[in-house]
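Visitor: Residue numbers (the working numbering), protein chains in the order written: chain A, 1 to 315; chain B, 1001 to 1364.
Simulated from the structure, these hints should not be mistaken for lab results. If you're wondering where the values come from, they're calculated on a predicted model, not measured in any experiment.
EDC-like, lysine to aspartate or glutamate: derived pairs with alpha carbons at most 16 Å apart: (1) LYS306/A to GLU1352/B; (2) LYS278/A to GLU1136/B; (3) LYS1334/B to ASP1256/B; (4) LYS294/A to GLU1296/B.
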Amino acid sequence: MKTKILMLAALMVVSAQSFSALPKSSPLSTQVKKAKLVFQGKVVDIDYRDSDDSSKVPHTYVTYQIEKILKGNYKAHKITLRFLGGVDSEDDFVEVSGYPLFDMGDRDILMVEGNGTDACPLVDCELGRFRLIGGKTYGELGQKISLKKGLIVRGLPVKLKEVSTHYLKPKQFGKKVVITKDESVFTNKDSEKGRFKKPVTIRPTKPNKPGRFNILEGTELGQKLATAKLLKAHLPAKDFSTYTMKIIKRIHSPGELKRLPAVQSISIKRPFKLSIGKILSPKKQFKRIVALPKNRAEKQELQLYKANGNSPVIR
Amino acid sequence: MKNTILACSVITMALSSFDASAWVTSKCLGRKLKWPNNTVRMRASGVSFAPGSWRDALTDAVGAWNKNPSKFQWNLTYGDSSVGSGNGQNEAWFTNSQGLLKGAPARALTKYTCINYLFGKTVKLKESDVIFDAGESYTTTKNKNYLWEYGGGGRSFRTTALHELGHALGLKHENREYNIMGEDWTTVNVNYVTASAYPGEDAGDAAVYLYGTTSSNRQDVSVVHWKRTGAKGQYSDHSMTKLYNSSNATLSNYSDSGERRYRLNPGQTIKAEFSFENNGKNTQNIQVAYYISTNELITTLDQKIGSSSMTLSRDGVFTYKKSLVIPGNMGDGKKYLGVIVDYKGNLSEVNESNNATYLPIEVL
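Sequences are here, hints too, so could you generate the full structure?
Guide: Structure (structure tokens):
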């Protein structure tokens, strides 16, 4: 039961709200609008080069055979994208939290912006990559992708070889390095069993009535599902492509699409420097206010609490 | 380096198989990807973390990590005048480079070695830099009224710093448990108006997995009014815990100053939901008490209405509903239903200030 609830919970979570996740995500339409190039393609080459400055930070050059351009001014059949991270000249590896990892043969729909200028040339970085595996659409970590009103719904990651295995090609040694991701089984421990010294009687719950969302009946999640009917099928790759095309046509006029600036492929031979931006002092903040106690008793309680090192146990 | 033989190295994103924690770390060549030493220096940029509230907040975050139950400790130094990636130093700074951050409020860059030499394997972290977005709506205040989810407009810098420092010591994102490596800004303990950031049980357990258990007597239990309710991509999604009627239906409520306030009646049987954590070294048999308070400061001076005894191990956050009867003699109006873990103060803890929290109520 709990497993089903968790799975459904994962499926209905909408990740595309402002402030909703550590890397801000956005509705698909916003991502598509920001992208200078949206294409479907297959990875045909991966190589590395250190930045041409004293930091010598490695970058990964990912070359795609373009299968379909959904948006953008790009004529060639291949494009190379440059990402911060990868294998450096001493065969050390650099990873950036939240940046995607690519392998030969990967098929994706990518929302490209800032190729050659940004450390990650995708809109919202890993959220600008939609993996096409076995005819279905997945997120960077294998999360099932579905859509609701233009918002991307990401489920829990699915175990997929294409996602769990990543290859690095050392520069000094010819053999590939294999990285595999292995997810262990997680058991929900929100159970009273074993938690209490004294036995606790758990009242049995009523059996569920027949119906689509009944295993979630009585929960907030169940209410949301019942009212919003948010649960949608895992998107086939072709449907995701078609949906993206519809969004592009809706938010851009034909004239706008024709006038889009040309997107460039980045040659690995081209020297570059890593830009980490200016080192800044963060912006000023507002002043702190503290809620004042309402009466004498509350004031005394607060004084005792503070005198007690903010421990709530006041003897 | 050049004479090394690099056979196929296998790096495994692995969870511990020995308990129900949900953290993710990496393995390479069958070995844990971690720092070779248990104490690691982190240098704060002199420009970004000049003396003042930002330095204080970063110091707090490091201090919170250093209360974890593992052997791992951060050694924070200030005034680094030449931060940058690839210089062999672990550093933290603010930048405006959206090309690097790409929508994230912070990123961690981690460099590691994973080589199968003829004479043995070398697997270790070599450098971790934490880069914060200077344009993010961070706040260093602990006053909850300024924070997201409490009606404010600020993102807690402390929670994000804890999250990134977690990456820097070897942790990955996690979406299956209430934890700091998921949605960081809701991983806070709130009592009175003070929101305290902390790594939490799950991340602490991950640190123990990587670095072993501390030899110090570092104990800590805590309670929060947050729980995991789903996943947002790589991140766990957290929501406030709730009050329910005896049939497990959410009590009628309304939004009050950014928080949900529940309507209930004197004499009513309700279920109060909170999440309990063991952030410390050893399993604890803990006594928990529930209170009614006239304000959001929950202490043992408030009116006690119930208690429990529970065993908290470092094996998964425990979100639990306690059945309680609202007394008939407490008067009506806005109040707070509080909870204190270890309410008799039997356990000596490294952090005593995270033992209480509340949910707003209105007695009709």
